[in-house]
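Protein chains in written order, with the working numbering: chain C, 1 to 356; chain S, 357 to 649.
Just so you know, these hints were derived from the structure itself, not from any lab. Beta carbons: idealized from backbone N, C-alpha and C, even for Gly. Just to be clear, a hint being listed does not mean it is correct.
What the hints assert, rightly or not - So the derived list for chain S, only partly shown, Cβ under 10 Å to chain C, looks like this:
| id | residue |
| --- | --- |
| 1 | Glu375 |
| 2 | Asp412 |
| 3 | Pro414 |
| 4 | Glu543 |
| 5 | Arg554 |
What the hints assert, rightly or not - Only pairs whose alpha carbons sit at most 27 Å apart, straight line, appear in this in silico DSS-like list of lysine-lysine:
| id | chain 1 | residue 1 | chain 2 | residue 2 |
| --- | --- | --- | --- | --- |
| 6 | S | Lys546 | C | Lys130 |
| 7 | C | Lys153 | C | Lys181 |
| 8 | C | Lys101 | S | Lys546 |
| 9 | S | Lys546 | C | Lys153 |
| 10 | S | Lys546 | C | Lys107 |
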Amino acid sequence: MATLTLSGVRKSFGATAVLHGVDLAVRDGEMIVVVGASGCGKSTLLRIVAGLETATAGRVMIGDQDVTALEPADRDVAMVFQNYALYPHMSVFQNMAYGLKIRGLPKPEIIRRVDEAAALLDIGGLLDRKPRQLSGGQRQRVAMGRAIVREPKLFLFDEPLSNLDAKLRVQMRAEIRRLQKRLGVTSLFVTHDQVEAMTLGDRLVVMHAGHAAQIATPMEVWERPADTYVAGFIGSPAMNFLAATLEAGGAAARLADGLVLPFADGSRAGEAGRKLTLGIRPEHLRPQTGGLRVMVELVEPLGAESLLHGRLPDGAEMTVKLAGAVHADGVLEVMPIAEALHVFDGETGRRIEPLG
Amino acid sequence: MTVAAEALAGRSARRRVRETVVTHVCLVIGVLIFAFPIYLALIGSTHTSGTIGRGDVPLLPGPDAVANYAQAWGIGGGRFMGVPAGGMLLNSLLMASLIAVGKIAISLTSAYAIAFFRFPGRMVFFWLIFITLMLPVEVRIIPTFQVMVSLGMTNSMAGLVIPLIASATATLLFRQFFLTIPDEYVEAAKIDGAGPVRFFFDVLLPLSRTNIAALFVILFIYGWNQYLWPLLIVNDRSLETIVVGLTKMIGSGDAQNEWNVIMATAVLAMVPPVGVVLLMQRWFVRGLTETEK
Numbered sequence: 001m002a003t004l005t006l007s008g009v010r011k012s013f014g015a016t017a018v019l020h021g022v023d024l025a026v027r028d029g030e031m032i033v034v035v036g037a038s039g040c041g042k043s044t045l046l047r048i049v050a051g052l053e054t055a056t057a058g059r060v061m062i063g064d065q066d067v068t069a070l071e072p073a074d075r076d077v078a079m080v081f082q083n084y085a086l087y088p089h090m091s092v093f094q095n096m097a098y099g100l101k102i103r104g105l106p107k108p109e110i111i112r113r114v115d116e117a118a119a120l121l122d123i124g125g126l127l128d129r130k131p132r133q134l135s136g137g138q139r140q141r142v143a144m145g146r147a148i149v150r151e152p153k154l155f156l157f158d159e160p161l162s163n164l165d166a167k168l169r170v171q172m173r174a175e176i177r178r179l180q181k182r183l184g185v186t187s188l189f190v191t192h193d194q195v196e197a198m199t200l201g202d203r204l205v206v207m208h209a210g211h212a213a214q215i216a217t218p219m220e221v222w223e224r225p226a227d228t229y230v231a232g233f234i235g236s237p238a239m240n241f242l243a244a245t246l247e248a249g250g251a252a253a254r255l256a257d258g259l260v261l262p263f264a265d266g267s268r269a270g271e272a273g274r275k276l277t278l279g280i281r282p283e284h285l286r287p288q289t290g291g292l293r294v295m296v297e298l299v300e301p302l303g304a305e306s307l308l309h310g311r312l313p314d315g316a317e318m319t320v321k322l323a324g325a326v327h328a329d330g331v332l333e334v335m336p337i338a339e340a341l342h343v344f345d346g347e348t349g350r351r352i353e354p355l356g
Numbered sequence: 357m358t359v360a361a362e363a364l365a366g367r368s369a370r371r372r373v374r375e376t377v378v379t380h381v382c383l384v385i386g387v388l389i390f391a392f393p394i395y396l397a398l399i400g401s402t403h404t405s406g407t408i409g410r411g412d413v414p415l416l417p418g419p420d421a422v423a424n425y426a427q428a429w430g431i432g433g434g435r436f437m438g439v440p441a442g443g444m445l446l447n448s449l450l451m452a453s454l455i456a457v458g459k460i461a462i463s464l465t466s467a468y469a470i471a472f473f474r475f476p477g478r479m480v481f482f483w484l485i486f487i488t489l490m491l492p493v494e495v496r497i498i499p500t501f502q503v504m505v506s507l508g509m510t511n512s513m514a515g516l517v518i519p520l521i522a523s524a525t526a527t528l529l530f531r532q533f534f535l536t537i538p539d540e541y542v543e544a545a546k547i548d549g550a551g552p553v554r555f556f557f558d559v560l561l562p563l564s565r566t567n568i569a570a571l572f573v574i575l576f577i578y579g580w581n582q583y584l585w586p587l588l589i590v591n592d593r594s595l596e597t598i599v600v601g602l603t604k605m606i607g608s609g610d611a612q613n614e615w616n617v618i619m620a621t622a623v624l625a626m627v628p629p630v631g632v633v634l635l636m637q638r639w640f641v642r643g644l645t646e647t648e649k
């Protein structure tokens with residue numbers, strides 16, 4: 001068991017900078033999910049931790065050991081790949097035992113570990129099969145098993161669930177979480193799926209354009225996103241953003257159409273007229289006359305709730321999530337819940353916290 | 357069924373029959389064209405030289421098969437009396453196997469280097485290998501002969517085999533195959549702690565099995581059919597290969613050829629390549645059509 005510390009990790013491929021200095025401290029036994037859109041550098045970050053890429057600058061520490069210059073095999077990490085990367089000509093047993101065999105473990109010990117992992121993953125009956133005789137979910141388990149038998153300091157997951165169908169993905173997600181908790185191995189999990197990120201991680205690293213935009217617990221990321229990117233990325237359907245200006249005194253924001261929304265949690269610093277971006281999650285809007293006038297273009301009934309897609313008079317898109325079946329045509333007036341309003345700087349997109 | 361539907365069904369059934377007949381006729385014609393010379397050789401090897409020498413070629417088997425094959429195997433015939441086919445077959449077998457195995461070994465390792473490692477001059481080497489594709493054995497045969505003479509390797513199995521071992525084609529084929537192997541295998545092996553040599557033997561070689569088998573068949577036949585090079589490099593009759601020996605059996609016309617023995621030797625010369633193809637057919641077809649992934 002070990003901690004993982006990244007300090008100032010940068011990576012450039014030729015002239016293209018992919019990572020612009022990432023700092024991260026993972027506690028012992030913690031599950032960190034690195035989430036971001038494709039091309040944000042999250043896989044590169046994982047591969048640097050694994051040792052499959054070398055960082056252009058910065059250090060990687062596993063426990064007290066600086067592993068920046070070590071080969072993958074010497075880092076004591078195990079990795080689960082997106083397409084599982086099971087050797088097709090080896091049986092399940094051989095696949096799981098291969099790394100141990102290379103490390104020169106005695107045969108009885110190898111058998112013991114493989115059997116243990118197989119029992120844990122419920123794949124005991126599959127040990128003699130070849131990977132191509134397995135279903136997607138079974139291959140996933142074998143890939144997990146191959147990681148577990150090594151008893152590594154660190155588990156690395158590179159989008160391991162994205163090749164599974166939706167139902168299996170949900171099931172395996174829960175299973176990975178259970179296993180990780182049970183084994184207590186420090187883990188780094190890369191995904192582009194925000195639901196996976198929210199449900200799996202003790203903490204999230206939201207990556208954006210080579211930076212860690214926010215590192216926090218899932219609920220914190222959801223409740224207090226650090227900037228408009230994180231706010232828009234985490235949460236489904238995505239947060240609505242409205243341009244606004246700060247009212248004199250800083251206790252309210254004025255929208256373009258003149259509507260004034262007071263802040264429930266305190267006033268913000270800045271002069272009157274400071275440009276703001278207001279973030280409102282679709283589920284934090286309530287029908288109320290005198291509110292925002294949404295011209296409804298599409299209603300998506302989801303059963304327990306309905307999604308309304310529409311536009312404000314100035315053309316800004318707006319999504320509203322209302323409970324139950326809603327039949328709305330034409331114009332719907334909605335009002336955001338004041339407590340759930342997110343305030344961002346209009347220029348930098350950074351979150352503005354209330355004063356005091 | 358309505359009348360229209362019946363007519364339609366009848367028409368499509370007739371079309372199927374017509375298609376079957378046409379394709380079979382084409383195939384039968386093709387088989388006849390390819391098989392007839394072999395059939396003639398087979399028949400010729402069962403008659404006495406007198407029967408063939410009269411000029412009318414028999415189309416039915418004769419009674420002298422055992423005698424002809426025994427002579428071909430043990431004694432030889434025609435101008436080349438005293439060089440039995442048995443020894444020549446063994447030489448050919450050895451040469452073709454060594455060429456095939458050598459070519460595969462060399463091209464596997466060089467393709468491994470080119471496909472998986474980055475080193476200075478990688479592309480230069482790749483293009484050098486690629487360019488040699490355009491140089492058949494015949495073009496470089498004089499300099500190669502000179503080199504072999506200087507090294508004192510004429511009249512030896514090594515001299516017969518080594519110059520034919522380098523193979524651009526096989527190297528390129530293996531390179532293309534290696535490029536289709538997902539990077540994840542390489543990375544998984546790295547994390548498992550397998551070095552380059554282990555990866556080669558534990559992962560790459562087993563994955564290449566079908567390709568190796570297919571290439572072995574092709575290269576074995578390539579080696580078996582070598583004519584010009586063995587003709588040049590070997591004078592020693594104990595190293596004679598069957599393909600060269602067979603042509604040496606045929607005289608220039610001053611004496612009657614023992615066609616019966618020549619035919620028997622020719623049939624014997626066909627057996628090993630056919631055997632290799634039959635034995636490895638399953639692998640061969642798999643190697644050409646699919647990759648195990």
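Status of the hints after comparison with the structure:
| no. | hint | verdict |
| --- | --- | --- |
| 1 | Glu375 | violated, 36 Å |
| 2 | Asp412 | violated, 58 Å |
| 3 | Pro414 | violated, 53 Å |
| 4 | Glu543 | holds, 5 Å |
| 5 | Arg554 | holds, 7 Å |
| 6 | S:Lys546 / C:Lys130 | holds, 21 Å |
| 7 | C:Lys153 / C:Lys181 | holds, 14 Å |
| 8 | C:Lys101 / S:Lys546 | holds, 14 Å |
| 9 | S:Lys546 / C:Lys153 | holds, 17 Å |
| 10 | S:Lys546 / C:Lys107 | holds, 21 Å |
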